[in-house]
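J.: Sequence:
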Amino acid sequence: MKKFWNWKKTKTVNQETGQETEERILFMNGVIAEDSWFDDDVTPALFKDELNAGTGDITLWINSPGGDCVAAAQIFNMLSEYPGKVTVKIDGLAASAASVIAMAGTEVWMSPVSMMMIHNPATVAWGDHAEMKKAMELLDAVKESIINAYVRKTGQSRAKLSHLMDAETWMDANKAVELGFADDILFQKEEQGSEGENGDPGADRTENGTSDSVMFSRRAVNNALMNKLERHYGKTGKSVKDQAGIGLNGNGAGMQGTGISGSAGTDGDDPCNGCFGAAENACQKCEKKKVNRNVTGRSADDLRERLNFIKKYI
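Going by our numbering, the first residue of the sequence shown is number 645, and it counts up by one from there.
The hints are simulated quantities; they were obtained by calculation from the structure and are not laboratory data. Incorrect hints may appear among the rest.
[What the hints assert, rightly or not] Dumping the calculated SDA-like pairs for lysine to any residue here, alpha-carbon to alpha-carbon at most 25 Å:
1. 787 x 865
2. 872 x 777
3. 804 x 772
4. 797 x 772
5. 777 x 767
6. 804 x 684
7. 692 x 675
8. 692 x 711
9. 787 x 811
10. 729 x 767
11. 797 x 662
12. 872 x 948
13. 787 x 756
14. 787 x 832
15. 692 x 803
16. 692 x 682
17. 797 x 777
18. 872 x 857
19. 787 x 952
20. 692 x 777
21. 797 x 857
22. 777 x 711
23. 777 x 796
24. 787 x 803
25. 787 x 751
26. 804 x 729
27. 729 x 772
28. 797 x 860
29. 692 x 791
30. 787 x 872
31. 787 x 682
32. 692 x 772
33. 797 x 856
34. 692 x 662
35. 787 x 856
[As the list claims (entries may be wrong)] With beta-carbon atoms standing in for the labels, derived distance ranges:
36. 858 x 768: 29 to 39 Å
37. 871 x 696: 51 to 61 Å
38. 945 x 772: 41 to 51 Å
39. 768 x 863: 21 to 31 Å
Note that the structure is predicted; figures quoted are calculated from it, not measured. Glycine is no exception: its CB is placed at the ideal position from the N, C-alpha and C atoms.
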């Protein structure tokens, strides 16, 4: 079986006692799963074998997009019960279930170029309303269990952690340290020393006393995009149906106010009166690429402009 929990032994000497101790370095790469179909996932059984293959302190390097939350809970418990010191170092990504495993570390260090992501658990359900309700209750319970691990490490309130999970929050190393998900940043002290780059204590801190950090949330990005669209196009105050002027006539046939009911329009000599701009191709007589002055919908050119604007922010 191919092993993804490769490890090596290193020996260190205690400065005070002079006693030699053994430390193992493990590398966790890949998706976390209860079972592995192609021997390419990290499973609790595989982890248990590797963890119990030696003694002494361990350093666990994590680079994982997450996976099965139950399997991650088993690995979290094994690390929490381990008699030696567990140092977690995140060199790439600790997302979703992998972030839960990271919380078991006695110390958690992040590379300055690594990321951590937390979000709500998800599942697939099938059945009637009773089955859907059970699935929702299960997800609520799983979320509370995940928050237990985050509270244990960060000391943040359950409400704040719940909001961060709702928003699918991505954190760089500085933000993870600021919120308590990590204890420190790798390589920083060796490069800058304890007094910062210019010999000034706290030189890497902002005016409010916190380090420069980045936190990305999907909800914030969606809100920002909607705000940009509203500023660019303005609020119409009318529903899509009202803008298009679409409605059924008395006998339920045809479309009112759009010029697609079979007549070319009756207002003056304009053959395109009532032609809805977004559907000008449906009007054989329309040679204009604009919406009639009596219709509040969008023209095809306007819609294309909107699409191009959205693409810049996706």
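J.: Take a quick look at whether residue 787 and residue 803 sit within 25 Å of each other, Cα to Cα.
T.: holds, 12 Å
J.: What's the verdict on residue 804 and residue 772, does the C-alpha distance respect the 25 Å limit or exceed it?
T.: violated, 33 Å
J.: Can the restraint linking residue 692 and residue 772 be considered satisfied, given a maximum Cα separation of 25 Å?
T.: violated, 39 Å
J.: Mind checking the alpha carbons of residue 872 and residue 948 for me, to see if they're no more than 25 Å apart?
T.: holds, 17 Å
J.: Verify the proposed pairing of residue 787 with residue 865, using a straight-line Cα cut of 25 Å.
T.: Holds, because 23 Å separates the two Cα atoms, which is no more than 25 Å.
J.: Quick one, are residue 787 and residue 872 close enough, alpha carbons at most 25 Å?
T.: violated, 33 Å
J.: Holds or violated: 21 to 31 Å for the Cβ distance of residue 768 and residue 863?
T.: holds, 23 Å
J.: If you draw a straight line from the CA of residue 692 to the CA of residue 711, is it 25 Å or shorter?
T.: holds, 17 Å
J.: Given the hinted pair residue 692 and residue 777, is their alpha-carbon gap at most 25 Å?
T.: With Cα atoms ~35 Å apart, residue 692 and residue 777 exceed 25 Å; violated.
J.: When you check the alpha-carbon spacing of residue 787 and residue 856, does it fall within 25 Å?
T.: violated, 29 Å
J.: Measure nothing beyond the straight line between the CA atoms of residue 729 and residue 767; if it is 25 Å or shorter, mark the hint as holding.
T.: Violated, at about 34 Å.
J.: Would you check the hint for residue 804 and residue 729, treating anything up to 25 Å between C-alpha atoms as holding?
T.: violated, 29 Å
In summary, the structure is inconsistent with hints 2, 3, 4, 6, 10, 11, 13, 14, 15, 17, 19, 20, 23, 26, 27, 30, 31, 32, 34 and 35 from the numbered list given earlier, while agreeing with the others.
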